[in-house]
Each structure stands twice: as C-alpha cells, then as structure tokens.
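Student: With the hints as your guide, set chain W onto chain V.
2 protein chains.
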Amino acid sequence: MPKTLARYFPILTWGSAYSRDTAASDLVAAVIVTIMLIPQSLAYALLAGLPAEMGLYASILPLFAYAIFGSSRTLAVGPVAVVSLMTAAAIGSLGLTDPAQIALAAVTLAFISGVILLGMGLLRLGFLANFLSHPVIAGFITASGLLIAASQLRHILGIPAHGHTLIELGQSLIAHLPETNLATLIIGGGALAFLFWVRKGLKPALLSMGLKPRMADVLTKAGPVAAVVMTTLAVWLFGLEARGVAIVGAVPSGLPPLSAPSFSPALWNQLFLSALLISVIGFVESVSVAQTLAAKKRQRIAPDQELIGLGASNVAAAVSGGYPVTGGFARSVVNFDAGAETPAAGAYTAIGILLAAVLLTPLLYFLPKATLAATIIVAVLSLVDLSILKKAWRYSFVDFAAVFATIGLTLGMGVEVGVSAGVILSIALHLYKTSRPHIAEEGLVPGTQHFRNILRHKVETLPHAVTLRIDESLYFANARFLEDHILERVTNDKTIEHLVLHFAAVNEVDMSALETLEELNHRLRDMGITMHLSEVKGPVMDRLNRTHFLADMTGQIFLSQYEAWEWLRRRGKDTPTGVAAQ
Amino acid sequence: MPKTLARYFPILTWGSAYSRDTAASDLVAAVIVTIMLIPQSLAYALLAGLPAEMGLYASILPLFAYAIFGSSRTLAVGPVAVVSLMTAAAIGSLGLTDPAQIALAAVTLAFISGVILLGMGLLRLGFLANFLSHPVIAGFITASGLLIAASQLRHILGIPAHGHTLIELGQSLIAHLPETNLATLIIGGGALAFLFWVRKGLKPALLSMGLKPRMADVLTKAGPVAAVVMTTLAVWLFGLEARGVAIVGAVPSGLPPLSAPSFSPALWNQLFLSALLISVIGFVESVSVAQTLAAKKRQRIAPDQELIGLGASNVAAAVSGGYPVTGGFARSVVNFDAGAETPAAGAYTAIGILLAAVLLTPLLYFLPKATLAATIIVAVLSLVDLSILKKAWRYSFVDFAAVFATIGLTLGMGVEVGVSAGVILSIALHLYKTSRPHIAEEGLVPGTQHFRNILRHKVETLPHAVTLRIDESLYFANARFLEDHILERVTNDKTIEHLVLHFAAVNEVDMSALETLEELNHRLRDMGITMHLSEVKGPVMDRLNRTHFLADMTGQIFLSQYEAWEWLRRRGKDTPTGVAAQ
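Each protein sequence line maps, in turn, to chains V and W.
Quick note: the first sequence, position 367, residue 367 per full-length UniProt numbering, numbers continuous.
Quick note: the second sequence, position 260, residue 260 per full-length UniProt numbering, numbers continuous.
None of these hints come from the bench; they were simulated from the model.
For every residue, glycine included, the Cβ atom is placed at its ideal position computed from N, Cα and C.
Check each hint, because a few of them may be wrong.
[Unchecked claim] Computed list of lysine-lysine pairs in DSS-like fashion (alpha-carbon distance at most 27 Å, straight line):
1. V:K433 with W:K433
2. W:K537 with V:K390
3. W:K296 with W:K200
4. V:K433 with W:K537
5. V:K537 with W:K390
6. W:K297 with V:K494
7. W:K494 with V:K296
8. V:K537 with W:K433
9. W:K537 with V:K537
10. W:K494 with V:K297
11. V:K494 with W:K296
12. V:K537 with W:K458
13. V:K458 with W:K537
[To be verified] Covered by chain W, per the in silico footprint, the following chain V stretches (three or more residues, Cβ under 8 Å):
14. 125-134
15. 285-297
16. 540-554
Bound-form chain V, shown alone (with noise of 0.2 Å):
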C-alpha cells in the first residue's frame, strides 16, 4: 500500500528529503519563472479567446495539483501556445458569443481534457501518444506556430481579423488591412523590436557590460515584463485608449474563483474530440521535455504517472476558472536552468501568480493587448522550424509526406485536421510500408558460413535450391505480398525443388500469416518443391509449436542457415536432378 501511494503520489517520495537547501533553489526558480509566466499567462489567455484573468487562474492551482501528482522534477505546467491554440479552435467551432458561455466551454474542456488523461493515466494508456510521430508532431507544432503567430498580427495592427487556417487569417487580414491603427502598430510593432532585440541583441550586450552570464539570463527572460510595463506606461501617460490602441481593461482581482464544469452532454459531445487532441498533444509535448530534463540530471519520469500529473492539473484548472494546461517548453528549462530541484518550486510559482493576481491586477488596465500578441508572435516564432522538411526530405520519403500533409493540413484546414490527419497518414504509410516486406534472395558469401543478397554480393547458389530471407514480421498485412513474391519466384522456374525461409528476421507470425505459411507448403508441394525454415526465433517457434503447421511442412527446420545449406548441398549431390542442373 505505501508503494502504490508512493507511485500515484510522487511528492511523498521528494517531500520525505526536503531541505532547506532544496527549498533555497527552488524559491529563486519560481521568482524567476513567476516574471516570465505573468505576461506568457495573460497573452496565451488572449491567444485563446479568453479574458486574461484565466490565464492567471489557469497558472495558479493547476502549478499545486502537478507538485503533487507530477513525476517530473522540473517540468513547469500552465497555459502554453498550441494548446492555448487548440483551445481557441474548439472553443471558436461552438459559434458562442456570451463571454460566460466562453468561459464556461473553456473550463469544461479543461475538465473533459483533465478526465481523459486521468482515465489514460489510471489504464496506462501512456503508450497512446507514441502513435503521434515525431514528423507528425514536428510538423504540427511548426504550422500552429505559424497559424499562432499569423492570428496575432491582427492585435499588432489593431484590426477585427478571424480564422482558423492560414487561408482565412490571411484573407481576412487583407480585407482589413486598410483599416489598421497607427497607434497600436505603433505600440505592437515597437514591443516585437524591443522583444526580439532583447531575444538576440540584449545577452550579449549585458555580458559585454560585465554581468555575470546567470544575471544576463534572468535579466534577458524578463523582456517581456519589460515591455509590458513600458507599453503600459505609454497608453497611460499618452491616452492611447482613445487612439483606438486595445487594452486588457479591467481584470477581476483576487483569489482564482470557483467554478464548475458545464455536465451538459450536448456540449461534452461537441467538445470530446478536442479535449482528446488537446490531451494526447499536450501530453506528448510535456513528456518530452520531462523526459529532457529527467535524463540530464540521470533521473526517470513515469509517463503514466505523467498522465495523471497533467490530469489532476486540468482537473484543478476545471474548477478555478482556468483553461485547459500542459507542460511547456520555454518555462520548463528556465525552471530547470534557475535551478528547480523538485516540483516545490512549481507551487512557489503559483504563489507568486497568485500574489500577482491578487495584487497586480489593477495595473493590468492599460496593458496594451497589441504587447501582449508580441511576446506569443516572439514566443511561438522559436517554435517554427521548416527544415524538418529538408530533414526528412533526405531521410526518406515516408516521413516527409507524413510532415508535409501535416503542415499543409493543419495551415489549409486548421489544428485538429491537422493533427489527426497526420495520425492517420502516419499509420497508413507505415502500414503500407511493411505491407511489402524487403525479400532478399541470398548465397553463401565464398569461404565464409555467411549469406548475402545475390544482387549485391558474389555468392554461391545451388541450382536446385532457393533461399529467401524476409527483413520484416510476417503478419496480415504483408502475408499475401510473401506468397506472391515466393510463387512468382518458383513459378517460371522449373529447376528448383527446395525453398529456405530464412526467418533470422521474422520477430512474429501471426494466424495469417501461418495459413498463409501452410497455404504456401501445401501450393509448393502440388510442385514438387520442398520447403524448409531456418534460423526461426524462439518466440516464434514457441508458436508455431502449437499448431500442425510443423508437423505437415514437407521440409525441415535448420538451426542455421549455413545447416540448411551443408544439408541441400549433399542433397544437390545425392539425387541425379540437382547434378544434371549444374
């Protein structure tokens, strides 16, 4: 019973060492981590669709849940781009209007999305998310950064812009192009410089200056703390507002309140598909940076422990008026480089929200919404990464159309189209590939006992006997290809009498394949030819022991293939056919 306790409950496990020392890292983690998470909190927010302060909310108690439950020593949850991307989608996809109706959808789907990766968590259905390939999700994550950034240039230019593909966005920012507000670009487009000055220009300069690298760093993460108080200051003291720049306006302030889930199943049924893409992308992308950061310090994650970390954190999310969270990228290293040694350091961040939300809030006012869609525009800009294309383009074809259709799919047609053609396309491709398995028909390498392809290599063959090596499983699939491939081999050849299977490769036989196996004795045999195996493996001779298929095989099994040939040579010698073909 402890054991199970300790496993569902990591923090039992760190909680039991926990120091003074520990505690000192991992406080001056969270300070640092708190600057970065206000501004990336209120922008992802806006990102979504949603008032800020859900932002806020979504980085208070979710950060409690996940100390608790997370297996991670280092990884920092919250709101993060492409799930606050996903959100927007499938909220957007209801056509609602009413602001609590919104808000109401978005913690429903962050229960529905904490339900689903409890349920996984709880069935150890972890290995789900490995069906997402890395093109697939390499892909995604390039075009939603893309799609992320493409739909924050409306608040750059201060223009009503919608959509949820690149063709939309990109049409409906033409259409109001002319309508653009010199003020907020002003404002948007002086943030963007500041911030990517700051993102490539400012390091080296503060090193240049003296400071010590870790200063720099900190110093550098707070760009974005920088310009949102700088462009506040301006719409402030300049009036701004009444330019027509666009501001965050009143944020409720206070405790995260709270809130309940909608159990409507109308809407559980609208929202169940996304809330499953929203889980399973967001999880892929939290474990593999856990998975990152765990192996740098020589530590293990338990990606079903993962699963109900995340859980718990949507959950917590659900019922403090926040929206659906993960684990992210940026905040997680900074946490790690800051110096977080347990997951206490993602509950003194929450505090540190939770002081801003209470506190803060009010200074929130003029926060032009044009800085806040610079720093995601900066943030997701690290995200794009076309040369996976190029990557995958020179690694093989399959893999490059599994990206290619992803991007152009999930740009054209938006993120779950996207994203779940991907999925498909990946399964199918490799489905078809091992549908035609590599057959190498092969020799003995002269003086050797090795075998080698005849088409590549100068090998012996023997004129009466055929050797085929199959490089893949045989199963449903490619069972049919196998018999085709062998009975076009043996059909226009009139001189072979015996078949080796060399099965040094065959990691499985599944019932298919073995009809398809004896099917292809007893064919063979109405020709006279023989068939044998060799080199089958220990699971699937465990197998085939189990059935007649042994029994009736007019061949014989060879340990190894140089067995198999030692025994057709003195048999070519033997019988009368075998010498006058040679």
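Tutor: Relative to chain V, chain W alone:
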C-alpha cells in the same frame, strides 16, 4: 503495346492457343456448373431481397466480362451468398418499398462496386485487401453464414420475419412462430432433409451402386435441381399455393434487360461504403479461391488484373439487370474438378444460364421459395466454421480477439459494422503489439560466438556493459518504448559504462526512431554511458548514413555482436573501473 494489351486482356493469351480439346473440356465443365448455378442464382437473388430473375441476369453478362478480363483460368463468377447478404443489408438500409427503386439500387450498387474494383485494379491497389486478416475473414464468413441461415428460416416456416442482426432475426422469428404455415414447413423441411442427405449420403450410395466417382459427383451437384423440380411439381400437383406456400411466381422470360445505374449523388453517397465493403470482401473471397486453384496447376493469377476482371463483371451486371457478383468458392471448385481449362468455360456457362432465362422461366412459376431457402441454408452452413475460434485461441490472444470481435459484432450489429470493426481492431492490435517490442538482454554462450537471452540461457556477461537485442523494426509507435526500456535498465545500475544495441532483427528505423536514438545517445552520454550498435542491416545503414547520427554517436558500429563483445572485453581489462567492477 501488345504486352500491355495482353496484361489487361488475358483472353488474348489463352484465346490464341484455344483448341478443340480444350473446348470439349470447357463445355463439359460448363454444363455441370450451369446445372448447379440455376437454382443458386434464384436463391441468392431471394437472399438479396431481389426478384429471382436478377439472379439469373447476374449470371450471364458478368461471366462473359470475366472470361475476357479475368486472370484465373477456372474461377466461376456470379451471385454468391455473402455478397448477397451484404447487398440485402445495403439496400435494406435505404428503406425502399417500390420494387423498381430496389432494383435500381441493386444495379447501382453493382455499378459502384464495379467502378471501385476497376479503379483499385488500374491504380494497383489490390494490396489493400491484405488488411483483411485471415481471422477477420474467417470470423466474418462464419458469422455471415449463421446470419444467412437464420434469415432463411422464415421461408422454411412461411412466416414474415426480418432483421439484419441475429438478435433482430431471432426476436422476429419467435414472435411470428405461431403463424408457421404447415404446407410450407413440409415442403421446406423436406427439401432441407433431402439436400442434407444428398450432401452426406447420396455419393456413397451411388458409389456402392457401382457408379463411377465422376458421375456420382455430377449427380450429387444436381441435388438442388432435383429438389427444385420435385417441390415445384408438388406445389403444382397438390395446389399448395392455395394452402399458403409462397412461390416464385411469374419470372419474366427472355434476354437480360438493358439497365442503367442511377447517378444520383445522394444514392451514391448512401451506397458507397457498402459498395466498398462488398468490393473488398468479394475480391478477397474470389482471389483466395482463384489462387488455390491456380497453384494446383502451377499457374499464377494476377491480383490487380483480378480486380479489373471482377470490376468488369460488376459493371456488366449493372448494365444487364443484375446485382453485385464475385468469384464463388463452391462453383469454382466444381468448375475446376469438372475439367475447365480456360475462362471460356465461364462463357459457355453464361450461354447455359441465358438459355434457362429464355426457355425455363415459365417452369419456375410454382417453384416454392422454401426450396430456394433450403438450398441456401445447406450451402451456407458449410461456410460456418466455429473451430476457428478454438484454433485462434490456441495460437494467440490477439488473433482470437480479432475473430471473436468480428463474429460477435457481425451477428450482433450486422455485416457492415462487423467487418469494419474487425479490420480496425486487427490493425489496432497489430500496432499495439509492435509498439511493445520484445527486447532481450544478451550474453555470450560460453565457448561459442553466439548470443542468447540471459533470462533463458546460461551465458556470460560483462559487468560494465549491457547488450540489448531489439526484436522489432523501430518506428514511431515503439521508439519511446525502446527509450523508456533502455533508460529504465541503465538508470538504476551505476556500473554500466557501455550499451550495445544488437540490430540484427531491426529491419527499419524511421525518422521518429532515429530521433529517439539521437536523444538516447545524448542522454546516455550525459549519464557517462557509451552507446554502440552491432549487426546493422544494409538498408538501415544506408539510411543512417544520410544523417549526423553515426558521426554524433558516442560509440562504434560493430559488424558482428561477437566483435562488439571482444572489443568490450578488452576495454574492460584496460580500464580500472571495469576491473574493479569485476
């Protein structure tokens, strides 16, 4: 060009060598198949819920089309039981009552199916049929046989019972049981008993009377014709129609009518999925019969040309008042056994059926539907083979699950849900299996150069090195599993300095797996562990050579696992840690 012509028109190949002897053999076979096919055609049309003459029409022009385009020498096409059941389900779901509309839907279904098959043939998509695994097909055929038999009981009992699932049929049969018509039951039960006796007892009786086996076979095949003649006479002589025995009634006499499918987009939309399932199931059934028969004469069939042959047959059915057809198992075996040598036998059979349609239809007026139902029941019960469940159970749980689900869902939710769920489930289970590959930790068998699983064999290991053999191609679905497994193994064992991945059974490394290997290399490096590969296959090596992975890898690539072992053993002696650990 002539070569291409010959590929798409197999008739040009066998037609040019057609002799009088071949014609004689084909004619004999055609007579026997015609006798068998007349009652079958009528019966299957009844099963499909169509007028009896549509069964005859489906057995004329489609046979000519197959003779021209088909690649099998002995396949006999026409209406078959399972496809007729699927036709009934497809048309039943439209909720039509007007007979003209039902007939139009049937020819449209044949046309769409023909177009799908032709399209798959021209695009060489025959391999798609391989995704129907043997357990799914076997389960589907067995469940269909049970459904068909249950659906025909109403004709034997003379009651109006309907339904597309076993539950619906059973409830309906029980509800109507009190209405059983005694005269119908006597005719139907008598025909059933007679046909079972013909199948089981007639041939031995004839043989013991001194008949030659060939003649005994022919007489046995004529059993259904005898049942038709006897029961038709009985109805006519005793006026059983007045006693409530349902009869076929007026069947139009003459050549098949010219018909045109509907091109209504709404109807195509409703029928498309059904047509696709009918095409694929029909193709799979047909190809397996054709392959079995071709192999007996060391002939080959061309699966993609079979698609064209069956597609042309279905289009032919659509323009001549028929409904979906495919190659039938029983009649093809009869055709083969009766000595058919070329597809011309099919054309002669078509002429026989044509004569029947022109001359015999008036004689069918008093044919009782119960007799046709009896011929169907006897025919389909040979399809039912529940031993597949036991066989699959013994072989593997995954195959058992696929059979069980297919049978259960086909019986419980109908043919379309059953077969679709079977396909999806077998793909899902296959992906699940390959997502958790077998990974064996290896050691050296003392005194040899062979390596075996340390859990199964007494082997030598090195204290500072671990060798893991991966028994699966590496792709996105199992990349993370591999990473987890390896990190799990090395994280808790601080003595490990070297990890060798034995790649002999790795037939592919996709881009996701490549990135996982890259990450693994970095993570292991961070832990102070060197990663090596051994026995990497040519095609995998070719692909890895296009990347930076091999250059970045901390360790080496060994041609053989023994070479890796020798190198590691020397290293172990050189480095103090290795010695200390020993």
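Student: For each hint, tell me whether it holds in the structure or not.
Tutor: A quick look at each hint next to the structure:
no., hint, in the structure
1, V:K433 with W:K433, "17 Å, holds"
2, W:K537 with V:K390, "25 Å, holds"
3, W:K296 with W:K200, "26 Å, holds"
4, V:K433 with W:K537, "17 Å, holds"
5, V:K537 with W:K390, "25 Å, holds"
6, W:K297 with V:K494, "13 Å, holds"
7, W:K494 with V:K296, "15 Å, holds"
8, V:K537 with W:K433, "17 Å, holds"
9, W:K537 with V:K537, "17 Å, holds"
10, W:K494 with V:K297, "13 Å, holds"
11, V:K494 with W:K296, "15 Å, holds"
12, V:K537 with W:K458, "17 Å, holds"
13, V:K458 with W:K537, "17 Å, holds"
14, 125-134, "holds (count 7)"
15, 285-297, "holds (count 4)"
16, 540-554, "holds (count 3)"
Checked against the numbered hints given earlier, the structure satisfies every one of them.
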